[in-house]
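Note that full-length UniProt numbering numbers the sequence shown so that position 11 is 11, with each residue one more than the last.
Read the hints as simulated data drawn from the structure, not as lab findings. Heads up, a few of these hints could be off.
[To be verified] With beta-carbon atoms standing in for the labels, derived distance ranges:
#, residue 1, residue 2, range
1, Ile51, Ile28, 23 to 31 Å
2, Ile130, Ile51, 39 to 47 Å
3, Pro30, Pro131, 31 to 39 Å
4, Ile104, Asn142, 36 to 44 Å
5, Thr29, Trp88, 22 to 30 Å
6, Thr47, Ile72, 16 to 24 Å
7, Lys85, Pro131, 17 to 25 Å
8, Lys85, Gly50, 38 to 46 Å
9, Phe75, Ile130, 23 to 31 Å
Every residue, glycine too, gets a C-beta built ideally from N, C-alpha and C.
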Amino acid sequence: MTKERLKFQHTDRKSLVIGSIIATLIAITPFLYTLYKSVPDVKTWDTFFGIYESNYYESIHVLAWTLITKFIPLFLLFIWFFTCKHWWYHTLLVPIAMYVFQIIQVFNDDLIFAEENQVIYLLPVMAIVIPSIYLIRARIFNKINEANKSLEELEDEFKISPKNFWAKIKQYF
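Please model the complete structure; the sequences and the hints are all you need to start from.
What follows is the structure in structure tokens.
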């Protein structure tokens with residue numbers, strides 16, 4: 001076998017393994033959603049991690065259900081964000097930030113309303129993401145008017161594609 005063919009087969013296997021892992025993670029989300037049913041319907045829960053008392057929700061079961069309903073969409077958004085190949089994938093940071101703030105608010109026992117003033121916390125994220133996406137979109141359409149490239153070729157030109165998962169994470173921090 002030639003060196004190029006071996007490289008292709010290695011890349012193809014790696015892609016198959018990563019794709020299988022991602023597909024499995026997405027496929028188990030209904031199971032993850034039902035995990036809250038294994039949590040007792042009590043105000044105080046004594047586990048080997050420690051004792052947790054739910055003051056706001058008055059039930060650990062309700063707290064677990066609330067957390068799961070926030071965590072599952074966040075989990076799926078992270079998968080979408082790290083696997084998206086389009087130029088606009090940075091806009092997914094807005095709903096990701098929204099769900100992170102909602103999870104933080106769930107743990108805040110002193111809250112009166114679970115989703116009050118959330119937009120204020122999202123403004124810094126939106127102030128960076130929205131203008132960035134608009135500028136990238138404007139550059140793409142300027143290049144379309146100047147050149148005979150297809151939209152896919154222009155998306156590839158603007159796409160930042162790190163070589164591995166950790167490089168993609170480091171790109172944002």
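Results for each hint:
{"no.": "1", "hint": "Ile51 - Ile28: 23 to 31 Å", "in the structure": "29 Å, holds"}
{"no.": "2", "hint": "Ile130 - Ile51: 39 to 47 Å", "in the structure": "43 Å, holds"}
{"no.": "3", "hint": "Pro30 - Pro131: 31 to 39 Å", "in the structure": "38 Å, holds"}
{"no.": "4", "hint": "Ile104 - Asn142: 36 to 44 Å", "in the structure": "40 Å, holds"}
{"no.": "5", "hint": "Thr29 - Trp88: 22 to 30 Å", "in the structure": "24 Å, holds"}
{"no.": "6", "hint": "Thr47 - Ile72: 16 to 24 Å", "in the structure": "22 Å, holds"}
{"no.": "7", "hint": "Lys85 - Pro131: 17 to 25 Å", "in the structure": "22 Å, holds"}
{"no.": "8", "hint": "Lys85 - Gly50: 38 to 46 Å", "in the structure": "42 Å, holds"}
{"no.": "9", "hint": "Phe75 - Ile130: 23 to 31 Å", "in the structure": "24 Å, holds"}
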